[in-house]
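These are the residues of each chain, in order.
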Amino acid sequence: MNLFTFSYGIIHWLVDLINHLWYWLGDVLPWQFGDFFDAVGEFAASDGHITVMAILVEVLIIVIIALVNVLNFIWIDRKFMGRMFDFYGPYYVGYRIGGWLQNLADGIKLFVKEIITPAKADKLGFLLGPIIFVGSSFLALSTIPLGRDFGISTNASGAGVPGSALIAFAFFAIAPFSILICGWSSNNKYTLIGGLRSAAQMMSYEIPMLLTVASVFLMAGSFNFMEIVDAQHDVWFAIPLFLGFVIFLICLVAEVEIQPFDLPEAEAELVEGWTTEYCGMRFGLFMMTSYLRGYIGGALATALFLGGWHGPALIPDPIWFLIKAYIVFVIIEWMRWSVPRVRVDQLLNIGWKRLMPLAMLNLLIAASLKTLGWF
Amino acid sequence: MPARKRLNSFGFVFRPMKRTGKQVWESLIVGKPNTVLYPYHKLNLPPTYRGKHTLDFKKCIGCANCVQICPNDCMWMEKIEDPELGKIERPGIDMGRCLFCGLCVEVCPTVALHETVEFELASSDRGKIKFSAKELRDDSYADKVVEERQKRAVPVLDLGKCTGCEKCAGECPEMCIAMMPVESVGKLKPEIALPKCTACEKCVVACPEKALTMKDMYESYFEMPEPKFILKNCTGCNACAKACPADAIYMMEMPGTERILKDGKKSKPKKRAVFVLEKCVGCGKCFRACKFQSIEMPGVKK
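In order, the protein sequence lines correspond to chains A and B. One point on numbering: in this note's numbering, the residue at position 296 of the first sequence is 296, and numbering is uninterrupted. For any residue, its number in this note's numbering is found by taking its place in the second sequence, counting from 1, and adding 375.
These aren't lab readings, by the way, just hints derived from the structure by calculation. Think of the CB as a built atom: it goes at the ideal place given N, C-alpha and C, for glycine as much as any other residue. Be careful, since some hints might not be right.
[Said to hold, decoys possible] Using C-beta positions, here's what the derived DEER-type ranges look like:
no., chain 1, residue 1, chain 2, residue 2, range
1, B, G426, A, A105, 31 to 41 Å
2, B, V411, A, T117, 36 to 46 Å
3, B, L420, A, T117, 50 to 60 Å
4, B, K393, A, A105, 26 to 36 Å
[What the hints assert, rightly or not] Straight-line alpha carbon distances no greater than 20 Å define the calculated PhoX-like cross-link-like pairs of lysine-lysine that follow:
no., chain 1, residue 1, chain 2, residue 2
5, B, K393, A, K79
6, B, K397, A, K79
7, B, K536, B, K646
8, A, K79, B, K407
Chain A extracted, bound-state conformation (with noise of 0.2 Å):
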């Protein structure tokens, strides 16, 4: 059983249980209503409609698994940042588990704060700029699966979407257009300067990161995640290829726009960027997408790198999933709060002298690996 029979099942029952309520009704009704009922009720028991409304269930747990995790991802990071300073980090709000709630107080203040739109800004793209950022960044967890029989994308055949890994980097990378527009629309010079210099920053670091993610194309065989997991049951891609993973992790540290890539939202030079004039929960959308965008970041290297789900069975497969990807993300948190940030023609330098150069190297190298016929 998997994630899609599971909520099958569960709305094939509910409409099963609802039916009876509504046939009931029907015949209790006066007559003339009949036909209606009778037709509703079927179209509510066809397998379309439950299918669809599977799927809606489907991306409701996810959803729901990813947010925890967003909740988890920023404690951890201000708790680990708070140490790793020496001071506690959050502590008050949920004093015996850690200050874990401190999260959720942050978010109901944001929820209180009013939303102010700038007088000159363009209000339709002030608008849209953060729909499409944070519905791009949800898409993007749309085809990651946690497990073999965990996720959006499996099917009642448990195959997969085909393509499914394409469709994430596609969804993944559409955030610097919304935040030029965000910069743009603002009619403020910071958060101009912050969109330029995120499409900036784009032409460095994609085209290193997709060759890497090529090659791992290369050496499983598939777009679709199911089969590059299953690809990596021996030995995880991390290890034949380790030049290619750490160039993913820099070029994922980018992606994701954390320190010391996060140009756009330098808050020393740019007073946060491109979300400057972003007030109240719009601005608590930004920052839980950004941690949002980080999951999706330790998911995508744990899915292409380090063997997804595999690992002694005594877990179970989504745990596996979630810890390799929590790691992933503690490794780039602790980069975050220890490096610098980088200048931008220092980031082009490193894009497109350093890593794409190494980035071939990786692609040559899992191109005869595979001419080889070790995987």
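Following the hints, complete the assembly by docking chain B onto the known chain A.
Chain B alone, transformed into the frame defined by chain A:
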């Protein structure tokens, strides 16, 4: 200055990560962070920290040396009626003016005054940081502190019991007790040279009247002014003996000063003050109490 070692790009990333990782190891796994969450956790302050004062009522003799030495003039003596100790005088402190110099603690001859580690003295009301003597009272505190001042046992004379039998002087192995005649009284009074005394307690054992007792005395940081007695001005009014907080002044009769009254009877002899300087704490209360310029104390304000 030697040229700094040039780092490659790996060094730029891994050296800071090593440092922060060490910090996480120290503050998360081995120990705790350096910061203290103040209202909930408190620092373990050193015992010599200067905070709010406490006063041991039983040790305090009410000599007002602390009031005398206070540079900010923030202490005063209060007259208290205590059920256990009777009528006493004890100091109170205005924390709003206190500069926590600790001079009052250092000058206290009986080590009754102490500064605790309590530092939370802030209040919205100025009257609440004025502590009267009863609010400062903590009779158990002084025993707990490790006192830095050296304590030594010293034989202390009760002149009221002493008969001048010279047994103590004969017993003393260090020859530090000398029998000195008290002027115009005709009696001998043992004077103990405290620097020589080894606290062997032989004089205490030898004394038939139990006038000598061993008593713990603290070494003083300050040079104590001593009262100088001028016999010719003394009227024997007993004011200095009453004022003395350390019971160092005794009134002794001077034989041969009786006057014949109108009815033919002899009056009581005139009295004079005799000082036992081993007990004196140098507070100058006798000097202030004397109305006849019979006591002089250089270095003490009237």
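Okay, the hints, checked on the actual structure:
| no. | hint | result |
| --- | --- | --- |
| 1 | B/G426 - A/A105: 31 to 41 Å | 35 Å, holds |
| 2 | B/V411 - A/T117: 36 to 46 Å | 43 Å, holds |
| 3 | B/L420 - A/T117: 50 to 60 Å | 53 Å, holds |
| 4 | B/K393 - A/A105: 26 to 36 Å | 34 Å, holds |
| 5 | B/K393 - A/K79 | 18 Å, holds |
| 6 | B/K397 - A/K79 | 16 Å, holds |
| 7 | B/K536 - B/K646 | 17 Å, holds |
| 8 | A/K79 - B/K407 | 13 Å, holds |
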